[in-house]
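Chemist: Sequences and hints are given; from them, build the entire structure.
In the order they appear, the protein sequences are chains A and B. 683 is the number of the first residue of the first sequence in this note's numbering; add one for each residue after it. 683 is the number of the first residue of the second sequence in this note's numbering; add one for each residue after it.
There could be a bad hint or two in this list.
The list cannot tell twin chains apart, which means a pair is met if one copy fits it or any two copies do.
Unchecked claim - List of simulated lysine-lysine pairs, PhoX-like, C-alpha gap at most 20 Å: (1) K877 - K925; (2) K731 - K702; (3) K953 - K1049; (4) K1000 - K712; (5) K874 - K919; (6) K792 - K737; (7) K737 - K702; (8) K737 - K773; (9) K731 - K870; (10) K948 - K1006; (11) K709 - K953; (12) K919 - K709; (13) K1010 - K1000; (14) K1000 - K802; (15) K731 - K1049.
Hints listed in this document are in silico derivations from the structure and should not be mistaken for laboratory results. Bear in mind the structure is a predicted one, so any value in this text is a computation, not a measurement.
Residues per chain, in single letters:
Number of protein chains: 2
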Amino acid sequence: MALIVQKYGGTSVGSIERIKIVARHIKETKDKGHKVVAIVSAMAGETDKLINLAKELSDRPSEREMDLLLSSGERISSALVAIRINEIGAKAVAMTGRQCGMVTDEVHTKARIKSIDADKIMEYVDDDYIVIIAGFQGISEKTGDVTTLGRGGSDTTAVAIAAAIKADVCEIYTDVDGIYTADPRIVKDARKLDKISYSEMMELASLGAKVLQIRSVEFGMKYDVPIMVLSSFTFNKGTLVTKEDENMEKILVSGIAQDKNQARLKINNVKDEPGIASMIFNTIAKNNINVDVIVQNVSDDGRTTDISFTVPREDADKAYELLKELSKTIDAGDVSINKDVAKVSIVGVGMRSHPGVAAKMFDALAKEGVNIRAISTSEIKVSCLIDEKYTELAVRTLHDAFNLSNKG
Amino acid sequence: MALIVQKYGGTSVGSIERIKIVARHIKETKDKGHKVVAIVSAMAGETDKLINLAKELSDRPSEREMDLLLSSGERISSALVAIRINEIGAKAVAMTGRQCGMVTDEVHTKARIKSIDADKIMEYVDDDYIVIIAGFQGISEKTGDVTTLGRGGSDTTAVAIAAAIKADVCEIYTDVDGIYTADPRIVKDARKLDKISYSEMMELASLGAKVLQIRSVEFGMKYDVPIMVLSSFTFNKGTLVTKEDENMEKILVSGIAQDKNQARLKINNVKDEPGIASMIFNTIAKNNINVDVIVQNVSDDGRTTDISFTVPREDADKAYELLKELSKTIDAGDVSINKDVAKVSIVGVGMRSHPGVAAKMFDALAKEGVNIRAISTSEIKVSCLIDEKYTELAVRTLHDAFNLSNKG
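Modeler: Set out below in structure tokens:
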């Protein structure tokens, strides 16, 4: 008998039929003798519908009220799932973010969890109830107002609750059946992974894989909660996100990610003086634009440099305008923008102990004539910025080069 | 400068356009120098949509979860109205039932208000905010769960909050522009009343007039809150529900109500013994069926009686089956049912001091050949049960007989 947390995403509870399927699966888990706490997202499309209503009323809807508005979607689906479970003969109770003691900071629309009252949840669990919790929401510690955790926040709710109640596993049900070595829409023989480490999963999530919200993986790693990613459409065995083990380290590369939401900006002839680069990046950061791959080339005479970096594509025009302004102030040269770039990345904890992985990546790409425009690395990943048109070719090439379709 | 509570019903906030109109009107009230607290219902149709979702999942959805589900509608509209007011240049904040300290008993789907935290509301008001409150909902004093106040509960929320914050007036905005001497769809020259007393309004509400929830009027009377009923489509002067005054007592009849949601049941040859009648009405009451007009005829020999009474039409078949069963147990006679009946009523505080009002009603109906099948009276109303087909004729006849189209 285990204590199991399950999380069902928007498509998993996207219709009355889907809610019936999910309710039945939750009840079946209980019938096997387990204790179950389930977290649900809003029915697919509901959150966007509410956002659109708000946008019709205001260009910049107040964030405090947006949180109150958007939290309704999860309240509705949690009530509906609990109603269905009661109907089919098990005891279920729905709880809101407030009721399960989900206390956050006061940063509306992207609040962070401060504490969870496991006692309230466990009172129901110990009384033989299945507990259905509205994901994505909490209340502010300071004001008592409703807060939300940002897009994908229900993943974080689920893992945080699993940590708080010391669950044996947190099962994340979604519309894909696990984590793959590469996007199966691009690579036909992409392979579903049985296991992946938290740190690899975090890299993949930050590199464009959208299966799990990155903060949920952070929580999992911090509190050592095994996370199983699986499909609510097939209910097949999925991918376990867990602690690193020896076997994982034997594998050079676990997965490949691509991200087309990239644009590259370049500012030429920047004086190579202390404080100039930080002035550039501070200007960008103050405007809430995330900077990614940064490359700096010093000119032959060593007196000026060219600085380039990538930003999310939707922020590119704004960043471009900012840079052009700044270029005048700091007496630099031309500013250029390129939106036709993409980032391909290889991820694997094995890289730590195996040198030469990056070189092998560059070789493979070069052989296919794919130019690398910039490189960024961490301990367990290598990312290359390439021309967007080569994205699929690059992903397939790397998948072959690292032999990912064959189980390590 | 006044402290004004406004309440907007479902049709008043039933679309983005309507929300814009309502937000503008609230802001205009504030711009005149008043302090404003507004209570909003769910957008028209939303509550029914949620009820239908639940019904697709369960024949008898759990009431605790229904309350969580249904409270979402008002949360959404309160957030949207506040977002719009912020957009057009005034400070607004949305509050849920919990946030404004609306504490109720734990009777889900028809909870009763126990207390309200006026301080939380007034903090915002004193800080120059317009406060938009989600109507219809509270939290249970014992469990902290979300509760709702039943259909029309936002009226009660509004009047109760007006009482708690000692507002100068509670304006109820709806899709009609006041209280009429009779239903204007039936009586062409029905007249809008400038004023009506709480007790008359309570009778009218309980007799089928659907403008105000009866409990809201009770609250108004108990805490002496002047209630103005008016239209959010015309914003014309409406009807003030207030304390009785001398002028009101001069008028015999203030209004006429009709209710077609009636069915009459009759059980014959009931032994005229102590305890038998109470057994009948206890059986009906235990099944949550409200009994209305009761008539008991003793037979010539004084040993048996015929008992008849009315129930809401939707409960008629159930009550009929219960009575048939019971008739065997208590050795009574036939049970009959008649769904083609209606109730017409005249209401007026003037009746107290003017005898002969009932007689005048019976005369007027008799002259038009309308048979009276049962009568029920209170201090300030007379109701007659008649054949349903005569309803409109009866209402028009009484409107003429008591000269209601001419202002007293």
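Chemist: Hints first: check each against the structure and report whether it holds.
Modeler: Evaluated hints:
no., hint, verdict
1, K877 - K925, "within (9 Å within a copy, 74 Å between copies)"
2, K731 - K702, "between (23 Å within a copy, 18 Å between copies)"
3, K953 - K1049, "neither (36 Å within a copy, 104 Å between copies)"
4, K1000 - K712, "neither (51 Å within a copy, 37 Å between copies)"
5, K874 - K919, "within (10 Å within a copy, 69 Å between copies)"
6, K792 - K737, "within (18 Å within a copy, 34 Å between copies)"
7, K737 - K702, "between (32 Å within a copy, 12 Å between copies)"
8, K737 - K773, "between (39 Å within a copy, 18 Å between copies)"
9, K731 - K870, "neither (34 Å within a copy, 43 Å between copies)"
10, K948 - K1006, "within (10 Å within a copy, 89 Å between copies)"
11, K709 - K953, "neither (66 Å within a copy, 53 Å between copies)"
12, K919 - K709, "within (18 Å within a copy, 56 Å between copies)"
13, K1010 - K1000, "within (16 Å within a copy, 84 Å between copies)"
14, K1000 - K802, "neither (46 Å within a copy, 41 Å between copies)"
15, K731 - K1049, "neither (47 Å within a copy, 59 Å between copies)"
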